[in-house]
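J.: Below, each chain spelled out in residue letters.
There are 2 protein chains.
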Amino acid sequence: LKNGDNQRFRSDFFKLHTNNQIDFFNMLNEPNRQLFYHLVRPEEFAPIFSKLEASEQKLIIEELEEKYALKTIEFLPTDEVVDFLSELPKEMSDYYLECMDVRESERIIVHLKYKQGTAGAIMTTEYVTVNPDETVGEVFRRLKIQGKDAETIYYVYVVEGDNRLVGVISLRELVVNDTDITMQSVMKDQIISVRTYTQQEVVIKIIKDYDLLALPVVTLENQLLGIITIDDIIDAYNEETDEDFGKMAAISGAIDLNVSAHSVIKIRLRPLIFLFVLGLIPAVIILSMPKFLEQIALTAIFIPLITGMAGNTGTQSLAVILRGLSKGKINKESFVKLLKRELLTAASVAVICGAVSAIIGYALAEKNILMGMIVGSSTAISLFICTMAGLFIPYAAYKMKMNLAIISGPFIAAISDIIAVIIYIAFICILL
Amino acid sequence: LKNGDNQRFRSDFFKLHTNNQIDFFNMLNEPNRQLFYHLVRPEEFAPIFSKLEASEQKLIIEELEEKYALKTIEFLPTDEVVDFLSELPKEMSDYYLECMDVRESERIIVHLKYKQGTAGAIMTTEYVTVNPDETVGEVFRRLKIQGKDAETIYYVYVVEGDNRLVGVISLRELVVNDTDITMQSVMKDQIISVRTYTQQEVVIKIIKDYDLLALPVVTLENQLLGIITIDDIIDAYNEETDEDFGKMAAISGAIDLNVSAHSVIKIRLRPLIFLFVLGLIPAVIILSMPKFLEQIALTAIFIPLITGMAGNTGTQSLAVILRGLSKGKINKESFVKLLKRELLTAASVAVICGAVSAIIGYALAEKNILMGMIVGSSTAISLFICTMAGLFIPYAAYKMKMNLAIISGPFIAAISDIIAVIIYIAFICILL
Numbered sequence: 032l033k034n035g036d037n038q039r040f041r042s043d044f045f046k047l048h049t050n051n052q053i054d055f056f057n058m059l060n061e062p063n064r065q066l067f068y069h070l071v072r073p074e075e076f077a078p079i080f081s082k083l084e085a086s087e088q089k090l091i092i093e094e095l096e097e098k099y100a101l102k103t104i105e106f107l108p109t110d111e112v113v114d115f116l117s118e119l120p121k122e123m124s125d126y127y128l129e130c131m132d133v134r135e136s137e138r139i140i141v142h143l144k145y146k147q148g149t150a151g152a153i154m155t156t157e158y159v160t161v162n163p164d165e166t167v168g169e170v171f172r173r174l175k176i177q178g179k180d181a182e183t184i185y186y187v188y189v190v191e192g193d194n195r196l197v198g199v200i201s202l203r204e205l206v207v208n209d210t211d212i213t214m215q216s217v218m219k220d221q222i223i224s225v226r227t228y229t230q231q232e233v234v235i236k237i238i239k240d241y242d243l244l245a246l247p248v249v250t251l252e253n254q255l256l257g258i259i260t261i262d263d264i265i266d267a268y269n270e271e272t273d274e275d276f277g278k279m280a281a282i283s284g285a286i287d288l289n290v291s292a293h294s295v296i297k298i299r300l301r302p303l304i305f306l307f308v309l310g311l312i313p314a315v316i317i318l319s320m321p322k323f324l325e326q327i328a329l330t331a332i333f334i335p336l337i338t339g340m341a342g343n344t345g346t347q348s349l350a351v352i353l354r355g356l357s358k359g360k361i362n363k364e365s366f367v368k369l370l371k372r373e374l375l376t377a378a379s380v381a382v383i384c385g386a387v388s389a390i391i392g393y394a395l396a397e398k399n400i401l402m403g404m405i406v407g408s409s410t411a412i413s414l415f416i417c418t419m420a421g422l423f424i425p426y427a428a429y430k431m432k433m434n435l436a437i438i439s440g441p442f443i444a445a446i447s448d449i450i451a452v453i454i455y456i457a458f459i460c461i462l463l
Numbered sequence: 032l033k034n035g036d037n038q039r040f041r042s043d044f045f046k047l048h049t050n051n052q053i054d055f056f057n058m059l060n061e062p063n064r065q066l067f068y069h070l071v072r073p074e075e076f077a078p079i080f081s082k083l084e085a086s087e088q089k090l091i092i093e094e095l096e097e098k099y100a101l102k103t104i105e106f107l108p109t110d111e112v113v114d115f116l117s118e119l120p121k122e123m124s125d126y127y128l129e130c131m132d133v134r135e136s137e138r139i140i141v142h143l144k145y146k147q148g149t150a151g152a153i154m155t156t157e158y159v160t161v162n163p164d165e166t167v168g169e170v171f172r173r174l175k176i177q178g179k180d181a182e183t184i185y186y187v188y189v190v191e192g193d194n195r196l197v198g199v200i201s202l203r204e205l206v207v208n209d210t211d212i213t214m215q216s217v218m219k220d221q222i223i224s225v226r227t228y229t230q231q232e233v234v235i236k237i238i239k240d241y242d243l244l245a246l247p248v249v250t251l252e253n254q255l256l257g258i259i260t261i262d263d264i265i266d267a268y269n270e271e272t273d274e275d276f277g278k279m280a281a282i283s284g285a286i287d288l289n290v291s292a293h294s295v296i297k298i299r300l301r302p303l304i305f306l307f308v309l310g311l312i313p314a315v316i317i318l319s320m321p322k323f324l325e326q327i328a329l330t331a332i333f334i335p336l337i338t339g340m341a342g343n344t345g346t347q348s349l350a351v352i353l354r355g356l357s358k359g360k361i362n363k364e365s366f367v368k369l370l371k372r373e374l375l376t377a378a379s380v381a382v383i384c385g386a387v388s389a390i391i392g393y394a395l396a397e398k399n400i401l402m403g404m405i406v407g408s409s410t411a412i413s414l415f416i417c418t419m420a421g422l423f424i425p426y427a428a429y430k431m432k433m434n435l436a437i438i439s440g441p442f443i444a445a446i447s448d449i450i451a452v453i454i455y456i457a458f459i460c461i462l463l
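Heads up: the sequence lines are chains A and B, in that order. Just so we're aligned: 158 in our numbering is position 127 of the first sequence, and the numbers increase by one with no gaps anywhere. Just so we're aligned: 153 in our numbering is position 122 of the second sequence, and the numbers increase by one with no gaps anywhere.
Read the hints as simulated data drawn from the structure, not as lab findings. Keep in mind that this is a model prediction, so the values were computed, not measured. Among the hints, erroneous ones may be present.
For identical chains, the list gives no copy identity; a pair is met inside one copy or between any two copies.
List of simulated lysine-lysine pairs, DSS-like, C-alpha gap at most 30 Å [stated by the list, open to error]:
no., residue 1, residue 2
1, 297, 322
2, 322, 363
3, 179, 368
4, 102, 398
5, 102, 121
6, 398, 146
7, 368, 432
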């Protein structure tokens, strides 16, 4: 397709929807991508670039000629430049900021200061404002010119003097009104707005509850700072759901498939260690009840600890893959990538938790070294196997087009219990 | 406020945003609502009615005069009538269908046939279509008239002859183009569309990936049947997330706070019984390994079973309240309502699972009646307490504005383990 006629490639390519352009772009190898950059101008590449995942953007920007890269960034909407730069190492983002137009870079620096997850961080500054005394006809003429750069023209914001927001009117209302009516008389003056520090989930709730397509962000004095559009919100909503899912499986911040193994290990270990301490409590209680300890033997007190830990790691990897499947992000390629990360994570977590439980086992079992080794090895091996079970069981069910409803956290926890008990018994029967 | 001037109430009330109107309406008691219906016309009540929860709609429709009720339904958009009727008992929805305009009711019957969760079930038929040879100016004049009834005017669909979809143009593109250009030349002819049977999650993914505000639903012959707008999708997306959350905690379909206790009990018991069988496996394995059974006593084999069950019920109630909190739906009032439902659910589940495990305990413990009683009672009591713990711990953390991140499924499972072990020990020490 690409070897031949350049002009023809361009005309064919730009007939495609941006999404298909991206699919096409993703299929290219490095030399073909370099050819692609020659054929496509930075302003045409910007919309494609802006839709790539953050991790891909980082790779692509490095292989671009610097001039081309800067031009591409220039053509991104402000909020996406902010997103992109906030993912880069500090020295790189500083460099790009220095190369930019001063006014633009100042605006971006202001944005970068807003905390992730607040309205300030997701708002855009490309919108259309009008004066209260302009007529519908004048506004339409203005939209014809400004409309190309604005992120949305479905709302027009009416501002006075000091950029103070006094009204809002939807494009829909503009269309149904006569051309000689002024903004003053058609605008809605009861404006729903948020502040830069408003939490993302509150923004989502407002946009959803009020069926808005965009929401203005204002200062205490009602000065318009930016707007949040519904497509930004859908992205944010996705993040929120990831968060909720992460919370449910004790791995907040590590649901996304692109998070590195290093971060994933850290994020997952923290709750596991905490849960390990909780899991010790039943053992300690049993130990402190001599009458009950008579009924069961020392070896039994470790059962809840080992099964509990195995269940937790299984649930963690389950949450990652279930969420990925439901977002439609799991295919063969991404599964292999995920599998590599999970193997590394499972191994690290198993070694660390195994070592900790060996020491605890040794201490609780009246300083019996053999018992410490048994508890440690059983924990390590069952954690590793159960992390893999949490990954493979749902993936296999999905591949076999089975109903995923039974593959729940408790289901994986129950399977993990079984695996952990078998491993523990095996060690005891062999070594004790 | 309401006793005085009716005219003044109306003018004040209609200045409010629909959402605040709903808040106001929800605060009214029955006699005040009757007064309200006298002051507000059905066509004005319809937008408020359409935003109520399905369970509230059912109650409200019964207290309306029949004529008023029918008028209200008439003024709802087709997709919302469908939603509403599909929630009613068959004889009631049939009755309303008979009272309606024949053409409208035929359209609704077609809709009701589409399976829940498919594009057909969420699409709307109120949209604007134009001919390929109309000019931008003509389309604007047409929007001025038709725009009021359409669910969205942000896309205009270009159809030929037999309602065959040949193009689509956004209002944004209409605005930036000159008034004498024909649709033929500005419309996009590469149309992204779905079929009536397309799954909701696929629709969501397309709308999200392509940043659309609406998506057409067409037949195999490309005839336009309806459109799905982004606000319908946000509702659907919410349902999908509920589903995902439900799957994670093994309670698909019972996340919503409005589901009745009866259904919740059924939905939750099924996985619990299944998980109970899985939970038995470690016990059976231990029993079948005489060498290991020597190491631990008979009483120990029930520990994984009881702690596992307790953890599962805790996770189930946790998922319901975490999801409710994250949707911003939990306040004091709704918590009390939820609490009542959960008390009933917990009690029923505890009695049933307790009875089952008493029998199993009796059978596994060499037909020891006392052991059966201990296992049964421990299971029942710990299931009940752990369901409540899954509800109260996150609610208390939320009330005390604590970080909810540590309140995860595994955390509640670990707490449940502790509770269950204590209860089991207590029974054994007292009775054995």
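J.: Give a verdict on every hint.
T.: Status of each hint after checking the structure:
{"no.": "1", "hint": "297 - 322", "in the structure": "neither (40 Å within a copy, 39 Å between copies)"}
{"no.": "2", "hint": "322 - 363", "in the structure": "neither (55 Å within a copy, 44 Å between copies)"}
{"no.": "3", "hint": "179 - 368", "in the structure": "neither (39 Å within a copy, 50 Å between copies)"}
{"no.": "4", "hint": "102 - 398", "in the structure": "neither (67 Å within a copy, 80 Å between copies)"}
{"no.": "5", "hint": "102 - 121", "in the structure": "within (20 Å within a copy, 62 Å between copies)"}
{"no.": "6", "hint": "398 - 146", "in the structure": "neither (50 Å within a copy, 63 Å between copies)"}
{"no.": "7", "hint": "368 - 432", "in the structure": "within (22 Å within a copy, 38 Å between copies)"}
Of the numbered hints given earlier, the model fails hints 1, 2, 3, 4 and 6; all others are met.
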